[in-house]
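Chain residues, written in single-letter form:
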Amino acid sequence: MLQPELARLLAGGQVLLKSCDEDCPSGDTHELRQREADEGNPFNYTPQLIHLHKDHQLFEDGDIHRHMYLQDLYISEADDKTTLSVSEFACHISGCSAVFSTLEEYEHHYNSLHRHVCCSCRRSLPSARLLDIHIQEWHDSLFNILAQRQDMYQCLVEGCGQKFRTSKQRKDHLIRLHKYPPDFRFDKTKKDRGTRETKRQLQHKDAAMEVVDDVCESEGVCEVMCDVLSDQPERGESMETHVSRDDEAARMAESASAEEHAGLSAAAHSAGNTGTEPPKPRYSYRLVFKEVCCKPLDVFRLFLAQYCCTQRGHVVPFIRCF
Amino acid sequence: MWRLNKVRHKAGRLGGSLEEFKLKKREHEKALRQARRDRQLVSKRLLLNEDEDQPELAISICLSFPQDVVTLFHTLQHSGPEREAHLKALSKALHDPTAQLTFIKQENSMHLLVGLLTGSNASCRLQAVRCLHELSHSSHANVAPACLPATPYLLTYLSGQSTKFTELCLYTLGNLCPESDAVKEKLLAQGIIPALASCIENQRHNLAVVEAVGFTLSQLLQAKDAAAKIIPLVLASSLPSHLLSVLTPDPKFGLAPAIECAWCLHYLTCRVLLAQGALLKCSCLLVSLGAAVAEGNKEDGMELLICPLLRCMGNLLSSCPVENLSTEVGDIHVVVALCALLQAYLQSQPALARESAWVLNNLTAHSSALCSALLTLNLVPGLIQLLPFSQGINTMILRVLANIAHKKKEFCVQLAHLGLLSALYATLKMADQEMVTLSMDVLFMLVVSGPQVAEEFVKQGGLLLIEAIQYNSEGEIRRRATYLLEHHLVSYSSYSIQSK
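Order-wise, the sequence lines are chains P and Y. Quick note, the first sequence lines up with residues 0 to 321 if you use numbering that gives the first Met the number 0. Quick note, the second sequence lines up with residues 0 to 499 if you use numbering that gives the first Met the number 0.
All clues given are correct.
With the Cβ distance kept under 7 Å, some of the chain Y side facing chain P (calculated, not the full set):
| no. | residue |
| --- | --- |
| 1 | Lys24 |
| 2 | Leu31 |
| 3 | Ala293 |
| 4 | Cys306 |
| 5 | Ser317 |
| 6 | Asn361 |
Derived contacts from chain P toward chain Y, CB cut-off under 7 Å, selection only:
| no. | residue |
| --- | --- |
| 7 | Pro46 |
| 8 | His50 |
| 9 | Asp60 |
| 10 | Gly61 |
| 11 | Asp62 |
| 12 | His66 |
| 13 | Leu69 |
| 14 | Gln70 |
| 15 | Phe88 |
| 16 | Ala89 |
| 17 | Val98 |
| 18 | Tyr105 |
Source of the hints: derived by calculation from the structure; they are not laboratory data. Note that beta-carbon positions come from the ideal geometry of N, C-alpha and C, so glycine has one too.
Working from the sequences, and respecting the hints, build out all of it.
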């Protein structure tokens, strides 16, 4: 393989390495000291000299090649096929173990399943706008109050701008004017969910309050705070994707690489299965904020961030709350 | 002596296609890997008889003299004019493992061979040592140790001048070394190390012998307890300086002697070698090898030399005080050479690419000058392009880039401009958690280096990326994401183009 620029550099004659004033074993520059002085800074990269023992695993291939040569089994590289491999990508969202061979697949997975997720009910919506509408209509008690007096149900089609008094009217509009199918997946009504939802919201609120007061058992507390209280999917809407955090995640990992819309199908499985069982307590499952919430101040800040984020116009995945 | 073209020639004649050979090779490779994991990786070498290049001669010998080892043995016990020919026939017969076993079971068989080895007939000596050589190559537990009575004589003959004979003695000894601890103790007591030292000194112009010394020494040095007993003795002798002087390959003879000596140095590597200029020697050699590779003159087998040189350099660097780095490393173009090797061997020998990256890490860890060289010589874009490749390559390269970023804020800005920031968008999503952690560390260094980098990052949608990382399953990574957001990126949130 020809590497002309490198060859030119190497042919150009010796350039001696000069000692530098900045050379120092511990990289003890002023900047670094300042960095480390910041309390709670988790970044601690320091350059390291790596010594490798002759039996180190990193040396295995080279040793094998050497011994093959000694035993007269050398093969010229022209005859041998490559063992080079490319890194895979993986969704590291806690509970999701999907793996992908290309960045595009990863992005698609992430945007489909994790980007616009409702904090309260963990449903994943395909766009920020639909998520906004969902939160407003499902989790905002103020919305319910206002809806009794004025047209609050927005048309789902961007740019249409029309509003309706009831969700049924909106649905009719969508079907008649915009030719939507009658069972459009992202326009489910709440049906008899009202009471259950508010109960959950209250519980949710209480839990959130608890977070601020008692942080010692951060594990339990945080789980309650972020726990999906309705992991149990509703019967009527099997198609809205749930980001399930239970053992289904393992199954997702299996099917993820094989299927394109992996998340959807896996979630559909979970939706199907858990529909027949009562919701299991989730407290044994470790959750996202376990360590982040170690200090009361952090917890409170995070709590505020979640609840204030919409006011800043800042889209935060996963935690869109009203 | 070995020459790679000879090896390939033999492989081709092994009957069957290249495909069959490859299959055999792959199976063998699996066995070797398991042996290495059990710390039992041991090889013996068999010196090819010149007669194998002349099959007709070999056949005529087989036809005229009986192959039966027992008969041959009995014949040899009586002196006669055709003793040499019978011995030659015996050495051919002993190629067969069953014959080997039969032979050593004969009473006084070894006594006979030793007698012929030390007799007055020079040709008989040569044939006798060939017989011993065949026996030493056996993997059977009883066969090779049967040769032990011959070792004092083999060692004595190392100071002789006959090339072929000395070679055979050396390879026989080399094959016996790994047999057992008892064998090694005996050889050490009989003075194998001083014998090897004087042999390489007296015969340093005879590259075939030098190669054989290198092989034998490498066999000794691979012992499990070599560090305790053998290495100190070798370091105290003149062997290290001779090994170093042989490292530059002779263009006519080929790479083989340099290969053997380089592997010895790898097994020997320690601080003591620094004092002998080993690091400088390895560095210079790598520069010339890198230059050859960059020009497209990649010889077959070059990687067999490059590999131990890289390892010597990497480990010597880790014990070299940073103040001495400039004298020990010499030419800054060694980083160019390493990059050339990285790219040249990426596809065919990814492990070699990984080891080159490791040496780069050790070079850049504490040297601002070498980090600067990577930037000014425009080597960084090439390194960034290697970030997709796994099996330890991208983690090591990211470490090198992190080493550069760690030195100065100006370096961070340059790295960001050269595309490292964009590359991190991909590396932060990789399955390997070490890559993700390192990527976060590098991102942090880039972002705090200056407002331009932070702004650029946020403009390209970086905030969403970091927010997502807040939900990573690893606590260490989550903490980094949160810290980065809260302390360094929150003020740039107005720059972000959020899709609403």
